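Between the sequences and the hints, there should be enough to build the whole structure, so can you do that?
Number of protein chains: 2
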Amino acid sequence: MEISVSQENYLKAIYKLASREGVASNQAIASVLESTPASVTNMLRKLTEMGWIDYEAYRGATLTAAGNKRALELVRKHRLWEVFLVEKLQYDWDAVHPLAEELEHIGGEELVNRLDAFLGHPQYDPHGDPIPDSEGNIRKRQHVMAASELNVGQDFAVCGVRDSSSLFLQHLDRLGIELGKRYALTERLEFDRSMVWQAESGQTTTVSQEVASNVLIQRVK
Amino acid sequence: MEISVSQENYLKAIYKLASREGVASNQAIASVLESTPASVTNMLRKLTEMGWIDYEAYRGATLTAAGNKRALELVRKHRLWEVFLVEKLQYDWDAVHPLAEELEHIGGEELVNRLDAFLGHPQYDPHGDPIPDSEGNIRKRQHVMAASELNVGQDFAVCGVRDSSSLFLQHLDRLGIELGKRYALTERLEFDRSMVWQAESGQTTTVSQEVASNVLIQRVK
DNA sequence: GTCTGTTTTTAGTCGAGACTAAATATTTAG
DNA sequence: CTAAATATTTAGTCTCGACTAAAAACAGAC
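Chains as they are written, first to last, in this note's numbering: chain W, 121 to 341; chain U, 121 to 341.
Below, computed lysine to aspartate or glutamate pairings styled on DMTMM-like, alpha-carbon distance capped at 20 Å:
| # | chain 1 | residue 1 | chain 2 | residue 2 |
| --- | --- | --- | --- | --- |
| 1 | W | LYS132 | W | GLU222 |
| 2 | U | LYS208 | W | GLU229 |
| 3 | U | LYS208 | W | ASP236 |
| 4 | W | LYS208 | U | GLU207 |
| 5 | W | LYS208 | U | ASP236 |
Coverage of chain U stretches by chain W, computed from C-beta distances (three or more under 8 Å per stretch; other residues unrestricted):
| # | segment |
| --- | --- |
| 6 | 204-215 |
| 7 | 224-236 |
No lab work stands behind these hints, which were simulated from the structure alone. Owing to the predicted nature of the structure, the values given are computational and were not obtained by experimental measurement. Note that beta-carbon positions come from the ideal geometry of N, C-alpha and C, so glycine has one too.
Listed below in structure tokens is the structure:
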């Protein structure tokens, strides 16, 4: 039985929610998919019959091995297409998500593997999220934390974002913050806990607590 | 009112049929879409309401200006994705059609124009079909004819195919026939009207009438 | 243990887009 | 000009995925 676009989106939603908070409620799945709990119940039943998930009424859903593989393949496709759109088609990093959302449902393993090779087997997507390999292995990065957890005096490099909404990414653009850029945390302001970051060029940027908690970094040296 | 994938496929079908044989019958549209005449009737009504086509019962359908623009955009997207798949992802020319069929429905003008630029504004797709520009202008090639119409002694270059089914394209691969390759027609065999083509390398290939009538060429020199 | 509030499921509908079978309209042959 | 053949439309269903409103199950407070 061939899986539909809509069903693939359920798998992705369950994958995301299950990795974060154990098992997902229908409510939660519905809100991710901008749907209703009633619709979710029906689809979870169908996905169970099809062998993609295990699901018991009132117990929540978990992906089967097949479902997990499929979800990872979708994540892989999504992130590789994002790399393509940014690197090859020169899209801004805040504009690629909706297109990747469509592209990820096209073709099968053959296409995604060719795309991967064409792009030179990239490790991370334009938002710093790791790209699963063809076996579904996802490299977990060590020592990644939110910028908000830093202490004054520490050096760090920006390596990802927690919020990849267009609004947030555009805000980072305005602040001149981009992946790979290095800073030193020179000051933490008492008043609102905002931070002063000094780039290698010497330029400083003031970053609110709200922004810092959505920027992922790695300490350097 | 946003157009659906299915509706876009109707526009493409009408575009193809109308350019070939004036106005299309429901029967014809149904067979292109592997559907039934009854289904076609309903959809044609809807497309008329939406302003994509003009349609009168028993009179057939024609694209409106908007419909024509949309159909050309689809053809453009399809052919550009085929170029991408062959040139960048190294797909064989006989394998790209089904993928392009899916990709062509993704994104809008922005995406297709960026893809076009990335590919270097190619003029023809991997099967030799011309790619409409962003205004929907389609370069009509002069002096293109079927190889079957040649006379003995003429020199020519292969520039396209009439049948782009996987089966036919694989057959051409086996015969060593590819786009851009030059030949001289050295002989026409009495028995079954098959042709002998001599490549620049001196190698000769015997080509059946059936094959020759599906290969498009331009005379050279 | 029972009551109250939340969450989930049932039941019944809806729209899109397809299908079959039957009824009409159109064209063609005689 | 009429009869037969062909093409199109109507009428009625089906499946997929969604929805709302109402019923049922569960969890936490007392």
